[in-house]
Amino acid sequence: MDVVGALQYLAAGFSVATAPENLFYCLAGAVVGTLVGVLPGLGPIAGIALLIPATFNLNATSAIIMLAGIYYGAMYGGSTTSILLNVPGETASVMTCIDGYQMARKGRAGPALAICAIGSFVAGGLAILGLAFLAPPLADAALAFGPPEFFSLMVFGFVVLSNVTGGSLIKSLMMALVGLIIGTIGLDPVSGNPRFTFGQVSLLGGIEFVAVAIGLFGIGEVLVNVEQPAEVLEQRVLVPRFRDLYPSLQDLKESVGAILRGTGIGFGVGLVPGPAPVIATYASYMVEKRISDHPEAFGHGAIEGVAGPEAANNAACQSAFIPLFVLGIPFAPPTAILLGALLIHGVNPGPAMIAEHPQLFWGVVASMYIGNFILLLLNLPFVPLFANILRIPKKVLLPLVMLFCLTGMYSVNNFMLDLWVMLGCGAIGYLMRKWAYEGAPLLLALVLGPRLEVAFRQSLMISHGGFGIFVERPVSLVFLLATLGFLLLPLFRYAVRSLGRRKATAA
Amino acid sequence: MRTRLGIIPALALSVVMAGASLAAEFPTKEVQIVIPWAAGGATDLVFRALAATTSKHLGKAVVVVNKAGGGGAVGYSEVMQARPDGYTLVTAVTPLTILPHQAKTAFTYQSFEPIINVVQDPAMFQVRADSQWKTLPEFLEYAKKNPDMITVGNSGAGGGVHLIALAFEKAAGVKFNHIPFAGGGPSITALLGGHVHAVSCSPPEGIAHVKAGKLRIIALFSEKHFEAFPAVPTVREQGVNFTMGQWRGLAAPKGTPPDVIQKLHDAFKKGMEDPAFVKNAQDMTVNLAYVGPVEFGKMMAADHDRYAKLVQEIKKQ
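Sequence order for the protein chains is P and V.
Those letters in the first sequence? Residues 1 to 507, by the working numbering.
Those letters in the second sequence? Residues 1 to 317, by the working numbering.
Note that these hints are calculated values from the structure, not bench results.
Derived DMTMM-like pairs (lysine to aspartate or glutamate); straight-line CA-CA distance at most 20 angstroms:
no., chain 1, residue 1, chain 2, residue 2
1, V, Lys254, V, Asp266
2, V, Lys175, V, Asp148
3, P, Lys395, P, Glu227
4, V, Lys211, P, Asp140
5, V, Lys315, P, Asp188
6, V, Lys104, P, Asp188
When you get a sec, could you build the whole thing from the sequences and use the hints?
Below, the structure written as structure tokens:
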């Protein structure tokens with residue numbers, strides 16, 4: 001499709017999206033999305049699913065405009081509780097906890113919240129451009145990823161991302177190992193036999209990622225706080241000053257690069273099958289830390305560590321629409337639910353969708369611009385309000401957090417075991433905090449582990465057991481070489497440095 | 001003492017009468033359908049749409065609740081223990097007859113009273129449009145000469161379409177290399193990308209691509225032709241005596257009174273015939289197939305036995 005043609009379509013799309021009823025549904029989606037993002041546990045998946053019946057009487061375009069709004073709206077809302085309370089509002093906001101919460105503890109909750117909204121807005125805007133102009137070729141490129149390519153990509157991801165926060169490497173690897181082990185619980189993905197379920201039927205489906213995430217971060221944080229002496233608990237957490245509510249010029253300057261890089265990473269990762277927003281946030285955080293000239297500030301409230309991942313999860317969520325619309329295949333659970341919504345409205349997404357339903361495709365794309373703008377307007381004025389949550393004394397706030405975690409978690413699957421897992425992980429999270437173990441590698445391994453295993457076993461089944469399949473396929477080989485290079489780089493550097501020193505002493 | 005003893009039969013009588021009047025008045029409150037999977041799946045979408053059109057025929061709201069976990073086992077275990085009064089129902093779907101063979105579940109299909117079957121989706125094999133095999137005989141001939149070489153993707157190990165593919169290869173006397181994926185979507189992606197030769201699936205999986213001319217149905221396991229593609233022959237018409245598909249219906253806990261089952265059946269049947277639901281189903285390309293309670297029970301029993309053998313076979317591998 002040529003650019004001029006696309007622009008004409010986009011203009012037509014805007015006339016669809018700015019129709020009063022569509023503006024209304026766009027706003028409704030954005031508001032609901034922000035709310036489900038803010039509430040821990042209740043994420044975009046549940047939010048969209050619950051509202052599908054409400055769209056039965058709408059036309060397809062209005063329905064998808066609203067449901068899509070919930071998805072990207074949740075990416076805005078998810079960061080709020082991460083920053084204020086160290087409770088990830090949904091899974092893509094785990095990384096935001098690390099530096100966002102530290103910023104809040106230093107009285108900089110306002111700038112952290114504001115930079116999330118700004119970063120999400122910029123990323124959303126740029127990623128929609130990609131969606132509008134590059135959708136068909138990108139979707140075809142994504143098909144090149146079969147099991148072997150996927151395996152090598154996962155290995156690369158593991159090696160690069162495992163030591164996310166830069167604490168002790170040994171401890172990080174231990175945590176990743178624990179995540180891998182937890183990930184094996186449930187039905188064996190290849191034989192269908194139960195593994196490590198100890199005869200418990202309720203463990204057949206595996207351990208819920210959201211429960212582990214909220215437990216390790218949210219409940220663990222509450223428990224650590226409860227230990228403090230009574231007079232500390234009487235106090236307010238901190239009282240932000242008004243002039244500190246919005247980011248300074250310096251903050252913005254530091255964030256621009258992070259936001260743009262996060263957008264690029266998020267957009268790319270969103271095209272790969274898997275839990276894109278989660279992986280994109282890890283990758284973005286890692287990149288920011290690696291290229292920063294003050295990496296020691298990460299984990300202690302570096303604004304780039306908030307801006308990058310938040311931009312990344314928003315971009316990933318927009319680019320995830322590409323495989324959905326162009327291939328008709330959802331790469332992640334929230335888009336799977338959107339696929340259901342499309343089908344229920346008689347739209348069969350696939351290679352022919354853009355041609356068959358131009359009004360819907362371009363209308364939805366245009367509505368995303370409007371939706372992102374609405375979200376920015378919606379979120380920035382609320383920054384002072386949200387920041388004021390921290391004025392509540394801890395002895396009131398902490399039980400409330402606990403309550404939100406419990407109800408939020410139960411609302412995801414209505415499943416009691418999830419609550420026990422969350423509480424158990426809360427206790428473990430408390431101990432981990434005491435002994436300085438990071439939760440992030442565990443969560444990453446829990447997400448990637450089962451996928452890594454499946455891709456590995458699928459590849460070997462296809463090749464009848466031959467390991468050559470991983471190096472014979474070019475894309476897979478490239479990722480494996482990159483992994484090797486990444487592992488050898490420190491050795492190489494060390495060798496060059498010691499060689500240089502020897503030369504220097506020789507001379 | 002005597003008076004007290006006299007109370008007991010009176011109480012018992014009043015309980016019985018209350019029971020009878022309960023059935024006559026049913027329903028007096030909302031009816032809940034438990035879906036043992038997360039929101040957004042095919043079963044979820046079908047029954048949310050059906051709940052919307054059935055409420056007016058039942059006179060009370062029909063609400064859908066997702067109780068995911070344990071690959072469906074959690075929801076079934078919970079409904080099995082629910083009060084058998086007709087207010088808690090569960091979606092009876094093919095995995096109900098598979099799960100009890102894979103793990104020690106407390107339930108089988110016999111823990112439930114069948115109410116109605118709503119959907120019966122044909123299972124099928126799809127290949128890429130540019131595949132070297134144009135017809136089923138060509139496909140099977142290659143498979144016979146090259147056992148274990150044709151890779152066939154499925155939506156998950158031990159899941160419905162995996163077991164159907166295993167049953168088909170036995171019926172056809174060939175051997176495929178089965179590759180499990182995490183869901184129907186990923187298996188279709190792998191087929192489109194050329195990473196597997198064929199995929200075992202059921203609609204709406206892959207249908208958009210068949211319509212767009214990128215994929216082709218090479219083997220159709222239903223008894224009748226598929227409405228959306230009337231020209232595609234079934235495998236039985238091509239000499240392989242085999243039919244298998246996946247069904248989605250409703251059931252209530254064992255012990256639910258027959259007249260309550262009848263009332264539910266009548267209301268859901270009307271809900272199924274509602275033009276709004278028929279259109280929704282068409283849009284989703286699911287195949288509506290009404291089956292009454294007795295026949296539905298027999299269907300479940302037959303598949304229960306069939307899957308028992310198939311699951312034993314993959315466990316041996």
